[in-house]
Amino acid sequence: MDAKELIARRVALELHDWTLVNLGIGLPTLVARYVPPGIRVAFQSENGIIGFGARPPEGMEDPDLTDAGGGFVGALPGACSFDSVTSFALIRGGHLDMTVLGGLQVDAHGRLANWKVPGKLVAGMGGAMDLVAGARRVVVAMQHASRGEPKIVPTLTLPATAARRVTLVVTDMAVIEPTEEGLMLRERAPGIAVEQILAVTGAPLSIAGEVPEMRLAPASAVVETGAVPG
Amino acid sequence: MRAAIKAAEAARMIPDGASVMIGGFLAVGSPERIIDALVARAARGLTVIANDTARPGLGIGKLIDAGCASRAIVSHIGTNPVTQQKMLAGEIAVDLVPQGTLAERIRAGGAGLGGVLTPTGLGTVVAEGKQTLALDGREYLLELPLRADFALLRAHEADYFFNLTYRLTATNFNPVMALAADCVIAEPDEIVPLGAIPPDAVRTSGVLVHYLVERRH
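Protein chains in written order, with my numbering: chain A, 2 to 231; chain B, 166 to 382.
None of these hints come from the bench; they were simulated from the model.
Hints are supplied without guarantee of correctness; some may be wrong.
Stated by the list, open to error - Computed Cβ-Cβ distance ranges for the label pairs, DEER-style: (1) V367/B - E181/A: 48 to 54 Å; (2) R206/B - G60/A: 34 to 40 Å; (3) S370/B - G94/A: 24 to 30 Å; (4) E355/B - G192/A: 57 to 63 Å; (5) M61/A - A168/B: 35 to 41 Å; (6) R138/A - H382/B: 46 to 52 Å.
Glycine included, every Cβ here is placed at the ideal spot set by N, Cα and C.
One chain only, chain B, in its complex shape:
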């Protein structure tokens, strides 16, 4: 059996300046307790890779409010005026990536692929400075893999091997990020005994998960 850790221990493992992938879509499926612990330890200089920066006071928005992040690689910041203001003030660098391209770049990073060829972004500012390839008469943009030092996931259930399940639209980027970071930390809603999760229901194998945060008390 592997032991679970406290959210504060997870936050201490993540040094200032680290790159962190964080699951969630407008904070749905984000590991709120790890985020709270990062804010509590006043983390600085994080590069956050995520779908969005949620809203002020919510999910990744709390990291933005507290000044924990110096860079965000995301598809959208329209729901978070604090991110927008900090971007204009030069306090945070924001790299905007089309959402599907973000998902595939993370997938490539975790799947040993050298890049992704996508039609998304052709003929737009996204294509600036990037290589394009024509294959079978269609043009594609070469997008490079993304990896991070840490992936911070929110799962629904975890068992004692750290096998994970996810729920509904809280799934989003969590499963793909589990493959694309050097250290994967999962925050589950529930921890259940071995065998309680049928093999078909496991979405992320426990072999990919380095640390599990305790269940909410």
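If we strip away everything but chain A, and leave its shape as in the complex, we get:
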């Protein structure tokens, strides 16, 4: 199991039954593969669809049916399409239970930076600022460190995505919950010791008692049965 699968399978345990969820581009997209049995989740893509499915076979793609990364997708039975105003009303209006986003940095206050690296080519925030401002729960899925450099830092040195404190940070080494009192180390990855985590974490981590090993969603294949799988 590689680091991305580990992160995706841990994040998948955060999915709540019968809710709307938005997965960011890249690593967060993998979470859809590991929806735990019995959990029915509707996935939204901010370009305007709830209930997109897997990419159709070669030659069967619909050029008017894509995900937020521009890739071809299918539409599951029960899917719903809509315009950008409605899409962001869903995101900002408290209708989205959870968003899973990649991260460049998270700081001791639980603030996320994930849209711009000064001095590098600018991408733009796209829908990330709305997602972090509006989703009920924001889960950051990222590598714990980048080439040995901590991505969890005392204070953001990159431009913030929002002022809001994110709900949970899931990395290939740990699960961290930002709280009013600071960052709490909740879980560690299989085979990873607390000391190893602390060594590549730039911000103080609070530890309350024994840090359990993280549980993971089963590595089962996704069976698509409808816009709300399951």
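Based on the hints, put chain B in the right spot on chain A.
Quick look at chain B alone, frame taken from chain A:
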């Protein structure tokens, strides 16, 4: 019955220096034939208001490649290295706007609203120089309306009154832009007789559409 025009006529109506809202999300739902015609007439100095600048050679990316745009008001340019390079070279000014804020600013521009109060962007560079308001204990950022000289839409079906429908994720910014420009030009996939589109299926009333580009031949 109202007559349809050729894409080249649409491009001639749009003068250099005009502001143009263009529908589409990574070129899905962008009016490719109007864009091609703007490139063919070598339009210059356009301010493009859109979700993104797509990719080189695709959708709005073609306007960027050809040097038609001097300013872009968009949420994202990460998929278009040409936009990024031209921005660094000072050939194009890029105003980055959060995607939901962009949608609501356009909606405000078309709906007669003086602005939008949103939590998006608070505590970030987006809030710099902008007014904030506290209402019922929550803080909001005041974002101002956006309008343009032209809106260039891609529709699925149009009827003879220029009523429009859209398809799937090609809908995106098209319906809201139809309300926010002085001149609205739509490029449909199909043109169908009056009555072929049931009233409930019309997403943009023909009263909002000034010109319709011919169907693809």
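Now for the hints, and whether the structure bears them out:
{"no.": "1", "hint": "V367/B - E181/A: 48 to 54 Å", "verdict": "50 Å, holds"}
{"no.": "2", "hint": "R206/B - G60/A: 34 to 40 Å", "verdict": "35 Å, holds"}
{"no.": "3", "hint": "S370/B - G94/A: 24 to 30 Å", "verdict": "25 Å, holds"}
{"no.": "4", "hint": "E355/B - G192/A: 57 to 63 Å", "verdict": "59 Å, holds"}
{"no.": "5", "hint": "M61/A - A168/B: 35 to 41 Å", "verdict": "37 Å, holds"}
{"no.": "6", "hint": "R138/A - H382/B: 46 to 52 Å", "verdict": "51 Å, holds"}
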